[in-house]
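From first to last, the protein sequence lines are chains W and R.
Under the numbering used here, the residues of the first sequence are numbered 59 to 586, in order.
Under the numbering used here, the residues of the second sequence are numbered 9 to 319, in order.
In case anyone wonders, no lab produced these hints; they're calculated from the structure.
Backbone N, C-alpha and C define an ideal beta-carbon position, used for all residues, glycine too.
Treat the hints with caution; some may be incorrect.
Computed from the model, here is a short list of chain R residues facing chain W with C-beta under 7 Å [as the list claims (entries may be wrong)]: (1) F27; (2) P32; (3) T33; (4) W34; (5) P35; (6) V36; (7) A243.
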Amino acid sequence: MSPRPGFVLEVDRSTPSTLFWHGEGYRLEKLPVGSRVLYAPEPVDALPDPMGSIRRALDEPLGDAAPLRSQLRAGMQLTIAFDDISLPLPPMRGPDIRQLVIEQVLELAAEAGVDDVVLIAALALHRRMTDAELRHALGNRIFDAFAPHGLLWQHDAEDPEQLVHLGLTDQGEDVEINKRAATSDLLVYVNINLVAMDGGHKSVATGLASYKSLRHHHNAHTMTQSKSFMDQHRSELHSSNWRMGRLIAASGVKVFQIETNLNTDTFPEQFRFLQRREWEWTARDRAAFLASSKALQATPDRVARSIFHSIRAPHKMSAVQAGEVEAVHARTTENVYAQQLLEVEGQSDILTMGLPYICPYNVNSIMNPILVACLGLGYFFNMYRGQPLVRAGGVVIMSHPTPWAFHPGHHPSYIDFFEQVLAETTDPAEIGKYEESFATDPWYIHLYRTGNAYHGVHPFYMWYWCAHALEHVGAVIIVGGDRAAVRRLGFKPATTMADALEMASDTVGRDPTITHLHSPPLLMSDVR
Amino acid sequence: MSPGQRLVNRARRMRPEGFPWAAPTWPVHIERDAPRRHLGADYDTEWTRRYPARLVRAVLLDNVTRPLAHIVASPEVRGDEVLALVEAPAIYVANHASHIDTGLLLSVLPAAVRHKTVVAAAADHFFDRRWKAHAWSLVLAAIPIERHKVNRKSVEDTAALLRQGWNLIIFPEGGRTHDGWFQAMRGGPGYLATRTGRPVVPVHIDGTYRIWPRGGRRLRRSPTRITFGSPIVAADGEDARTLEARIDAVLGVLADESRSDWWTARRHAGAGTTPSPRGPAASAWRRAWALGPDPHADDDSDEKRWAISRD
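Required output: the full structure, derived from the provided sequences and hints.
This is the structure in structure tokens:
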């Protein structure tokens with residue numbers, strides 16, 4: 059049976075309570091009659107023969123690229139870059155898709171007698187992956203063959219020796235990327251695509267770039283001009299990356315792009331109720347919900363966090379395409395839209411959303427308040443095409459515990475950003491004046507390069523990510539969050555959803571229209 | 009109120025109500041897909057006719073059901089000598105007054121018959137939950153029959169079982185009596201008999217309504233009388249309706265026989281004065297009145313019954 063498309067439910071008196079993620083837990087909320095709930099399309103089917111599909115993609119590339127086999131030769135320098143820990147979410151069950159693809163690329167390289175091969179995790183300014191994370195992403199065979207010989211690298215955006223400046227775009231944007239990748243005879247980029255923003259020129263132009271390059275599009279101005287950054291035709295982030303990507307190609311860097319689509323089958327069988335429509339919950343779903351939610355209530359946060367972060371998603375590859383970057387990405391985007399797009403009629407006064415325990419920047423880590431804001435206002439808010447789900451001046455209500463807690467190893471600069479910068483101002487345009495000091499702080503750079511810390515500037519990017527939403531909406535309310543942390547973010551705390559709706563009426567009146575973004579699975583609304 | 013009852017009430021009060029503790033309600037304007045049916049008439053009972061299940065059933069029937077039936081219902085069997093004339097497999101057609109009818113009837117059938125008999129049971133009642141479907145099909149060899157609509161599949165499946173040598177017990181009223189009188193007979197036995205050529209054995213069960221009537225909360229011991237009629241075989245070219253009319257008439261005579269004797273019932277039948285087993289077309293109390301006193305009860309209990317009725 060083919061997966062059901064998404065749909066918009068209008069809440070009536072018979073509609074059961076609606077599930078909201080709430081960090082390492084979930085809540086059932088009764089939404090007012092007349093509210094809309096957006097349910098995502100069901101996960102598309104997996105490819106029946108993933109290995110065969112990868113082989114075919116490498117042999118029959120898109121665009122003007124030649125088959126990968128014909129581009130490999132003895133004596134050449136080959137670099138294989140791959141997406142880092144931020145994808146997919148949650149991390150997928152082994153074998154990871156990167157492993158499947160890279161193994162086949164390496165098979166071809168071995169057949170062609172290529173000796174000089176280096177693998178690079180395209181971190182950009184993200185934290186370095188641990189050995190265990192690399193092993194999970196690449197599999198034992200690849201890790202054991204490359205890591206001990208120093209051939210498995212993690213991109214270092216702060217090592218001048220590892221970077222090369224390729225020039226300026228016609229908009230004056232610096233393009234500085236990883237030298238090994240740029241100077242190789244062939245750069246193969248292995249991408250995982252979950253949302254429309256991933257992939258394309260962004261893979262190399264962002265994933266292998268330096269701060270000098272990234273700052274041109276990771277800023278408040280670009281983000282407020284990206285409406286949304288999931289919509290390529292209206293995204294300044296996309297445009298900037300495309301300008302850079304084309305410059306990279308024009309500089310002679312030969313990129314063979316391999317992009318994969320994953321289906322949105324996000325949670326394993328025990329948590330399948332998360333992805334089901336509430337009125338279709340079986341007795342087993344209800345039992346699983348009750349058992350897990352009651353158990354989680356009695357579980358210390360730390361333990362609950364480790365339980366959730368140990369979840370491995372049953373994502374399956376639904377498509378794979380390879381070849382020239384833009385041709386490949388066009389196909390990938392089509393696939394993403396086909397899976398995630400949901401037509402929605404008009405905006406509403408209030409947008410509600412439940413935020414889960416995970417976002418791209420806290421895998422095996424803590425979802426600190428800045429990441430809560432980024433996930434809600436950066437990612438979920440921007441999951442639209444056309445216009446935002448909430449009207450200008452409307453209210454966003456998010457559900458998350460928003461603990462005043464940070465992972466000191468992963469997010470050291472976040473702590474200072476939260477304590478110092480957000481205490482001063484929450485205006486994305488204003489915080490820019492502090493950016494340089496964080497970006498060039500030697501301690502943060504040291505932690506980024508040698509530990510597992512996000513770059514010093516990263517919390518700024520997270521806040522810039524929220525810029526479009528902050529500019530668009532009239533108020534943001536967080537239900538069930540740490541009150542002090544929520545206030546520090548510049549948002550309003552509410553104890554219950556009913557309280558939040560009452561508070562929202564100050565901004566949008568007594569009879570607002572409400573839309574709830576139900577996830578998982580991921581959905582992208584096409585708002586008419 | 010007893011302490012136990014208080015505890016039960018307290019537990020009921022403490023139990024959270026509504027979703028997710030209870031099943032979710034369905035939004036009004038969402039169309040509901042027909043549920044995937046593995047229950048009801050689609051329940052597959054094939055496993056219950058394999059030897060392991062038959063062995064379990066035989067042990068239960070002979071060691072639990074039969075002794076219980078004799079303790080609770082003290083069946084007096086009439087006309088069972090005709091069973092020797094029945095060429096198996098046959099269709100046993102009986103009136104239906106109580107849930108215990110099936111167990112009681114099985115327990116008075118000869119061993120060779122009862123161990124190779126399936127029971128037509130209401131698909132919507134006995135097969136609406138997985139546990140019920142498993143339990144009834146194992147213990148009684150129940151097979152699901154749609155009683156509210158014609159379901160070609162369940163009829164064909166039943167005919168196939170007859171052809172495979174399985175006897176069938178069927179209650180053509182489609183449910184238990186509401187007031188002790190017969191209900192209108194629905195189609196089924198006549199169609200099966202004409203289609204398969206198997207004989208129909210009419211059976212009248214008297215007394216089970218007193219033991220456990222519809223809506224009854226507990227069993228009440230009471231004697232019963234099971235009266236077997238001569239097997240009826242469809243004549244050449246006889247249609248199902250005509251055959252069913254014959255079966256219906258014979259059941260009426262058996263009901264008369266159960267309350268009198270074979271010869272009296274024969275004479276009534278010959279004179280066309282067999283009392284209607286469906287009772288008078290009158291108000292509920294008059295129908296109850298017309299049932300008369302319990303013919304098997306002693307005088308004391310009879311007095312008690314009338315005393316209660318007068319209150």
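To see whether the hints hold, each was checked on the structure:
Below 7 Å, beta-carbon pairs count as interface contacts, and F27(R) has one with chain W at about 4 Å; its hint therefore holds. For the restraint placing P32(R) at the interface with chain W, the shortest Cβ-Cβ distance is roughly 4 Å, inside the 7 Å limit, so the hint holds. Because the closest C-beta pair between T33(R) and chain W is about 5 Å apart, less than 7 Å, the hint holds. A least Cβ separation of about 5 Å between W34(R) and chain W falls short of the 7 Å threshold, and the interface hint therefore holds.
Satisfaction of the interface hint for P35(R) is found here, the shortest Cβ-Cβ separation to chain W being roughly 4 Å, below the 7 Å cut-off. About 5 Å separates the beta-carbon of V36(R) from the nearest beta-carbon of chain W, less than 7 Å, and the hint is met. Hint status for A243(R) relative to chain W: violated, with the closest Cβ pair at about 50 Å, above 7 Å.
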